[in-house]
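A.B. asks: Next come the chains, spelled out residue by residue.
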Amino acid sequence: DAKTTQPPSMDCAEGRAANLPCNHSTISGNEYVYWYRQIHSQGPQYIIHGLKNNETNEMASLIITEDRKSSTLILPHATLRDTAVYYCIAGSSNTGKLIFGQGTTLQVKP
Amino acid sequence: DSGVTQTPKHLITATGQRVTLRCSPRSGDLSVYWYQQSLDQGLQFLIQYYNGEERAKGNILERFSAQQFPDLHSELNLSSLELGDSALYFCASSKEGRRLLSGANVLTFGAGSRLTVL
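Line by line, the protein sequences give chains A and B. Those letters in the first sequence? Residues 1 to 110, by my numbering. Those letters in the second sequence? Residues 111 to 228, by my numbering.
Since the hints were made in silico from the structure, they are not lab data. You may find that some hints are simply not true.
[Stated by the list, open to error] The calculated DSS-like cross-link candidates involving lysine-lysine, where the alpha carbons are at most 27 Å apart (straight line), are:
1) K119(B) with K3(A)
2) K52(A) with K109(A)
3) K52(A) with K69(A)
4) K205(B) with K3(A)
5) K167(B) with K205(B)
6) K109(A) with K69(A)
7) K119(B) with K167(B)
8) K119(B) with K205(B)
9) K205(B) with K52(A)
Because the structure is a prediction, the values reported are computed rather than measured.
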């Protein structure tokens with residue numbers, strides 16, 4: 001499984017876009033990029049995933065660079081409830097297990 | 111409600127004891143994954159089962175064991191408990207889990223079981 005690197009913490013003003021970067025320079029061609037978040041001690045919540053193309057759903061957008069070595073998760077209008085630890089994961093194509101790193105703690109401030 | 115059910119939600123026990131955590135996957139999911147989250151560590155992958163068979167193993171101690179039953183629910187058994195085993199234990203499930211030919215494999219997590227060892 002490819003290793004991912006994320007900043008340990010970020011702040012964002014409520015109502016503004018939150019852009020969370022992730023580096024995955026050793027990702028292999030068939031490994032997806034997944035984003036999850038964990039609010040306090042709840043179970044991790046799936047946000048979005050992608051392989052090569054940019055993706056958007058009701059929660060967020062995922063921008064993947066052309067060389068696939070990095071990606072950015074965008075929360076378009078952050079709210080206080082988006083305060084959480086955000087995990088970027090390069091998924092295993094063998095078994096499907098996900099290896100979590102330390103993630104980025106996003107603090108949304110009023 | 112994610113559809114993944116974990117019981118019990120909270121458990122307090124003493125050192126040296128044995129406990130069993132239970133997980134019912136989402137309907138239709140064949141794979142079950144167990145994770146441990148301690149205060150000083152992140153989410154650690156323990157073990158994965160696919161349709162009753164062990165599929166992948168992570169940092170699971172020898173004192174811990176798991177199995178997946180024919181009805182696809184899974185149990186994580188923790189024995190000879192130590193103070194350091196106090197943690198949140200999460201179960202996740204997914205449709206896939208065998209060698210993936212293509213496509214993503216989204217894991218859905220349960221709410222967790224909080225184990226306190228005194």
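A.B. asks: None of the hints should be skipped; say for each whether it holds.
C.D. replies: Okay, the hints, checked on the actual structure:
no., hint, verdict
1, K119(B) with K3(A), "32 Å, violated"
2, K52(A) with K109(A), "32 Å, violated"
3, K52(A) with K69(A), "10 Å, holds"
4, K205(B) with K3(A), "24 Å, holds"
5, K167(B) with K205(B), "18 Å, holds"
6, K109(A) with K69(A), "30 Å, violated"
7, K119(B) with K167(B), "24 Å, holds"
8, K119(B) with K205(B), "24 Å, holds"
9, K205(B) with K52(A), "22 Å, holds"
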